[in-house]
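Protein chains in written order, with our numbering: chain A, 1 to 115; chain B, 1001 to 1112.
Hints are computed from structural coordinates only; laboratory data are not their basis. Do not rely on the hints blindly, as some may be mistaken.
Quick list of in silico lysine-lysine cross-link-like pairs, PhoX-like style, CA-CA up to 20 Å [as the list claims (entries may be wrong)]:
1) 1005(B) <-> 44(A)
2) 1071(B) <-> 1111(B)
3) 44(A) <-> 1015(B)
4) 1057(B) <-> 44(A)
5) 1099(B) <-> 51(A)
Being a predicted model, the structure only gives us computed values, none of them experimental.
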Amino acid sequence: NAGVMQNPRHLVRRRGQEARLRCSPMKGHSHVYWYRQLPEEGLKFMVYLQKENIIDESGMPKERFSAEFPKEGPSILRIQQVVRGDSAAYFCASSPPRTANYGYTFGSGTRLTVV
Amino acid sequence: QQQVKQSPQSLIVQKGGISIINCAYENTAFDYFPWYQQFPGKGPALLIAIRPDVSEKKEGRFTISFNKSAKQFSLHIMDSQPGDSATYFCAARNVNFNKFYFGSGTKLNVKP
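Start from the sequences, fold in the hints, and give me the full structure.
Following this line, the structure appears as structure tokens:
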């Protein structure tokens, strides 16, 4: 049973390019969450999705960032026109539908570097 | 607004000592409290978790103490080892939204 799969592990983009990060949740998990982590800092919530629905995007910057979780395929976090400040580790987590005793399972992250 | 407050920010402990990390919350809608361990370059991994109807949970050298009335919970690492050196995050789930709120993290360094 594979865990949460994120790719690519490392991504280098020039300023102004688009970054596309992928996340495949664990089998049986229908909820996906994206977090951003700056060096030496904590996890900042970005967005919570279920299949074909955005449940909570309160942590997403209003511009340039978008996320989707289509009926088929992985969840995608898209950052358009990247800037140096977007350089960070982006983690995806998944969980099953609400259960009593279950935390998130995190992927290994995508480390985005904007040059 | 920080929903879960974690302290200390960093911690140095000698090998064999006890590491203690504290978290506090205000929202009574939180119903599940996990701790995550993160090594450099890796994603956070679930370490141990507790529900508010239990005051303590122990798994090996790791213990969560939970004080519902004070809205505080803590992680104790007994007989700390250099391999425990990592960043630890507490978290709390809002039962209404199935969403976790994370503390700011504690960087633990266990000296040999």
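Evaluated hints:
This hinted pair checks out: residue 1005(B) and residue 44(A) have alpha carbons roughly 14 Å apart, not beyond 20 Å. Annotation: proposed proximity of residue 1071(B) to residue 1111(B) is violated, straight-line Cα distance about 31 Å (limit 20 Å). This hinted pair does not check out: residue 44(A) and residue 1015(B) have alpha carbons roughly 31 Å apart, beyond 20 Å. As the CA atoms of residue 1057(B) and residue 44(A) are separated by approximately 27 Å, the hinted pair breaks the 20 Å bound.
With a CA separation close to 16 Å, the supplied pair residue 1099(B) and residue 51(A) stays within the 20 Å bound.
Hints 2, 3 and 4 from the earlier list are contradicted by this structure; the remaining hints agree with it.
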